[in-house]
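Chemist: Protein sequence lines correspond, in order, to chains A and B. Reminder that position 66 of the first sequence reads as 66 in the UniProt record's numbering, one-by-one numbering, no gaps. Reminder that position 23 of the second sequence reads as 23 in the UniProt record's numbering, one-by-one numbering, no gaps.
What the hints contain is simulated information worked out from the structure, not anything from laboratory work. Treat the hints with care, as some may be off.
A pair counts as met if it fits within one copy or between any two copies, since identical chains are not told apart.
Claimed, not checked - Capping the alpha-carbon separation at 20 Å, the derived lysine to aspartate or glutamate pairs in EDC-like fashion look like this:
1. 60 / 121
2. 60 / 120
3. 156 / 83
2 protein chains.
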Amino acid sequence: MARKTPQWEGRIVRVLVCTERKSFVTKELPEARVSFEGLEGDRHAGLTRAADVRTPWFPKGTPIRNTRQFSLVSSEELAQVAETLGIPRVLASWLGANLEVAGVPRLTHLPPGTRLFFPEDTTLVVEGENEPCIGPGRVIEAHHPDVQKLASRFVKAAWQRRGLVAWVERPGIIRAGDTVKVVLPRPVTYVLPSSGV
Amino acid sequence: MARKTPQWEGRIVRVLVCTERKSFVTKELPEARVSFEGLEGDRHAGLTRAADVRTPWFPKGTPIRNTRQFSLVSSEELAQVAETLGIPRVLASWLGANLEVAGVPRLTHLPPGTRLFFPEDTTLVVEGENEPCIGPGRVIEAHHPDVQKLASRFVKAAWQRRGLVAWVERPGIIRAGDTVKVVLPRPVTYVLPSSGV
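With the sequences and hints as input, model every part of the structure.
Modeler: Below is the structure:
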C-alpha cells in the first residue's frame, strides 16, 4: 500500500569510489554503476562483510549481511565540521564517502529505513548513522599539519554530522548532478506494555 | 560500539516452511537451516525478489533486495485474532508464517532494525509489520465454513497483530523450542529544521 510520508529532494554533488585496499580515501568519478553488491569496484561493495567493532554482538570476522555498502555525507554538515575544527574545508573524499549530498537537512539524522531514489533506477535504503572514528581525523590532520590535534578533535566535531551508511535495494547508475528523492519511513512507536501483552 | 538497548527473550513455538508454489500455507518442522537467502527451501527464500503491491514505488516485477525472507507471528496475537473472529484458534501455518514466537509482547509493533538472536547463530533483522491481506482470511474461512464472512473480517481483526517480516543478517539453524533474544534498535528522532540546516 502506498503511504504518505514526508519527502523532499537533494542533489548529488560528488560520486566517489575507493578501489584500493591500503587506504579508505575515495576518488571522484562522474558516474558509477550500482549493483546489489554496492558501488562497482568500491572496497565496501559485497553482499556480505566481516563483523567488526561496529557489530560487537558477533565474533569478529563472522560473515554477516553487508548493510554498509555506501557511505553518504552532506555538504552542509561537512562545512559545519570544518568550522568546528577551524580549517577551511573537510572533503568528502577524506572521510571515504561515496556520495556527497547537498540540500538534505540534517542528513546524518535520517532514520533507518529512509529510502533514497535516484533518477536512473538506483534505490538506497539507510542503515543508520555512520559513527565517526579517528581514521578520517588522521587524514584531515595530514592535510593540516599546522593545526593542533585535528585527528582526535575530529571524532567530537563530526558527531552526528559524519553522514550515513546505506545498502542497495535496487541497482542502477548514480551520476554527479543527480537529484535524489528522500522518503522517510513510516514512524513506528514501540512501548513495552505495563503488564501482559 | 556496544549500546545499551532494551532486550528480553521469547520462545520459538514452531518453525514452519512452505516448499510449494501453489499455496502459501506452511508446514511444521522440528528445525530448519537458515542461509543468507532465508529459510532453506521456503518459497520466500532468495537474495532478491520481484517488486509487488507492497513496494508500489517500483514497477511491478522489478528485481529488488529481498527483505521479506521470514514471516513471524506471535502466539498471543494469534489468540487475539481468533477471539475477535469468534473461532477457537488461528494457526500460524494458515497465515504462511515461518516462525511462531511466544512471550514477546506486541510482536507486530517491534520497530524496523530490531534484532532477533537465536542460540545457533541465526540472527534476523526486522524489516517491519506484515500488513494483513485477504489470502490468509480465505484459508481461515475454508476451515470454518459455518462462520460468516471470515475472509473479509480477517484483515481488520489481524491489523497490527499479523506479525512481522524479517531478513537474515547471520546464517545458522533455528529449532522449535529455541530461545530468541530480542534487541530493540537505538531510537532515532528526525525532525525537519524550521529553517536552513
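Chemist: Hints first: check each against the structure and report whether it holds.
Modeler: Hints and how they fare:
1. 60 / 121: Answer is between: at 13 Å across copies they meet the 20 Å cutoff, but 35 Å inside does not.
2. 60 / 120: The answer is between: 17 Å across copies meets 20 Å, while 37 Å in one copy does not.
3. 156 / 83: within (13 Å within a copy, 54 Å between copies)
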